[in-house]
Amino acid sequence: MKIKSILIANRGEIAIRIIRTAREMGIKSYVIKTNKEPNAWYLEEADEIIDFSETINDTLPDFLDMEKIISNAKKRKVDSIHPGYGFLAENPDFARRCEEEGIIFIGPSHDAIYRMGNKTIAKELAKAHDVPLLGGSAGSVRDPEEAIEIARKVGFPIILKAAAGGGGRGMRVVEKEKDMERMFTLATNEAAKAFNNPDVFIEKFVREPRHIEFQILADKHGNVVHLGERECSVQRKHQKLLEESPSPALDKALRKKMGDAAIRIAKSVNYYSAGTVEFLLDDKNHFSFMEMNTRIQVEHPVTEMVTGIDLIEQMILIAQGEKLAFAQKDIKLNGWAIEWRINAEDVQSGFSPSLGTIEKISWPQDDHIRVDTGVRDGSVITPYYDSMIAKLIVHGEDREKALQRSSLAIRKFWIKGTKTTLAFCRAVLQNKNFRKGTFNTSFLSKELKLHYHHEPDEAMLAAFFATYDYAREFDENEEKSLHVKKGKEISPWVLNKRLS
Amino acid sequence: MAREPKKKTQSKLIALSSTNKVYEFKTPLEKRINYKGEKVDIKLREDPNGFSYIVWKNKKYMLDVIEKNQNKYTVMINGVWHSFSVETPVSLKRRRFLEQQGDTSSSVAIEAPMPGKIIDILVEEGADVKEGEPIIILEAMKMQNEILCHVSGIVKSVEVKKGDSVMKDDVMIDIQRA
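The listed protein sequences derive, respectively, from chains P and E.
Position one of the first sequence corresponds to residue 1 (our numbering), numbered consecutively onward.
Position one of the second sequence corresponds to residue 1001 (our numbering), numbered consecutively onward.
In short, the hints are calculated from the structure, not lab data.
Check each hint, because a few of them may be wrong.
Heads up, incomplete: computed chain P residues facing chain E, CB under 7 Å, no partners named [said to hold, decoys possible]: (1) Phe464; (2) Thr467; (3) Tyr468.
What the simulated footprint calls covered on chain E by chain P, stretch by stretch (three residues with Cβ under 8 Å from a Cβ of chain P suffice, anywhere in the stretch; the number is not a length) [stated by the list, open to error]: (4) 1018-1027; (5) 1044-1051; (6) 1055-1062; (7) 1069-1078; (8) 1082-1095; (9) 1132-1140.
Glycine is no exception: its CB is placed at the ideal position from the N, C-alpha and C atoms.
Please put together the full structure from these sequences, using the hints given.
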């Protein structure tokens, strides 16, 4: 059945990203308006708005209210639902409820979501299909005492992970036995809060691995391909900050080995739609299966840039029941792509969230640059959602070229009104080992000493501006010109109209 | 008739950075300044889209004012913020004197590093705490963050309770330095 309309159960940049492809395919898009951000940009981009902002539901956030979303889709006779990432994207009940109500869920089957979402089942499947795994608990762990018992067998350090988790939440590394009780409580609390399920399991913690993931596309007819890997090792507390494709760590042989393993994982649950298989890669190039993400990923654009394949379009075609139009041999990785996540965070204060209003945002535009964003001039950064403002994706013929273009693009990426991670991006680009491609997940904590970059003159220029502005205002108030020469003003320019 | 300011005290302004770096500028301010032995022009500009920038040695530096309160400034240049207080030679002297006086106080406030919600308080009033010890769990942007104590001492007072929402820089706990 050809899809004619999509309800996007998401917001921000990913809603706009899905709308863009829907529009190209002639599909009508619906989005949900919430009282958290009633003026958000994604609302204007969609063809139709479903208004949830009238009713305030404190117990269940709008994008998690599956019955309300489904009943609204039915009322408007919307064919299909795309969940984006986060929210209901990996909730098997939501996929099942869509199927029951005759709405096409643009994603995998509820059964595949369930089995890959349950880390214990996923690991058993990996084991049964000859995919390498790390040692750890057989299932979820009851209490700190049991955790200590297992950790002694596996050997410290270990990592506690939310059984229903993902995205770094509910994860804690435990180095010593005496830290177990505290870390166990933190991990279970966070898991309960984030995933409604406090279960955690134990895994051997690999020190300083790389995080490599493979993009999978599979149709409903048993065809599965991989679209190469993404290098996601630059992370802070398991939150990715930039991703690239391909990875500087892989050669053709290793890519084939890991890609084949990823395909075996997908086949083990009769997977269809887009999905991602995550691996850890140690310094001896041994890889172990971590988990499969059964959704579109934030970092999907780097894969699109090197393969030329629109992943959202493929998800829609697969959901319609079409066969993949290409086989593994047709997939070519062309050049290099890097995605820089630009978050509203204060990198000078430990990446703490920086709320406020994006007064202005602009970036350089050319054929090698793609920017996916959900904000524009005047957009408000709310505390209700994550801190990502934009993704800057840069392509080059090779890694060096992609890095050069990234430096230029970051320099010309201007945001006024909030602190962002742009200064962090500059620091990464200055780092020798990053440029060489020799880095792993310890990059931020060990390699990158200073998490932001500035040149010596910049501090002086800031000091000059502060002094100038103070002097000008002082003179204005006192109707004197003690500090700034009258008629010889540096510019007629009044920056601080907006400031009180 | 306006009195002429005393030349010695008003002839310069000082930007004192949060890391205690001193930047001195002669007044009245001019667009050409002496910097590391050379005379260089500073140009302030605004582009058609309303972005402000400085031109310095033929390079553009993106400029934004994040905070401004009397003589306190946080200015962002190319995405990195710098905090200053702008002082006259007299006010700087006074400030330095007051800071010395203040040093005898041994109470240290543990402030919220980010806005969030207090999930748990791990210490009680009167408890001994060591530097690096977790004292509060603060939830912000969907993450539970351990707030570590940055001094050793005794908990003098706990200013928050479980479930409280805090803003950045709110005092959560006072520690009597050991």
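To see whether the hints hold, each was checked on the structure:
1. Phe464: 6 Å, holds
2. Thr467: Since the shortest Cβ distance to chain E is 5 Å, the answer is holds.
3. Tyr468: This interface hint holds because 6 Å falls under the 7 Å limit.
4. 1018-1027: holds (count 4)
5. 1044-1051: It holds: at least three residues are needed, and the segment 1044-1051 of chain E offers 6 whose Cβ sits within less than 8 Å of chain P.
6. 1055-1062: Since 4 is at least three, the answer is holds.
7. 1069-1078: It holds, with 6 qualifying residues against the three required.
8. 1082-1095: holds (count 3)
9. 1132-1140: holds (count 4)
In the structure shown, no violation is registered for any of the earlier numbered hints.
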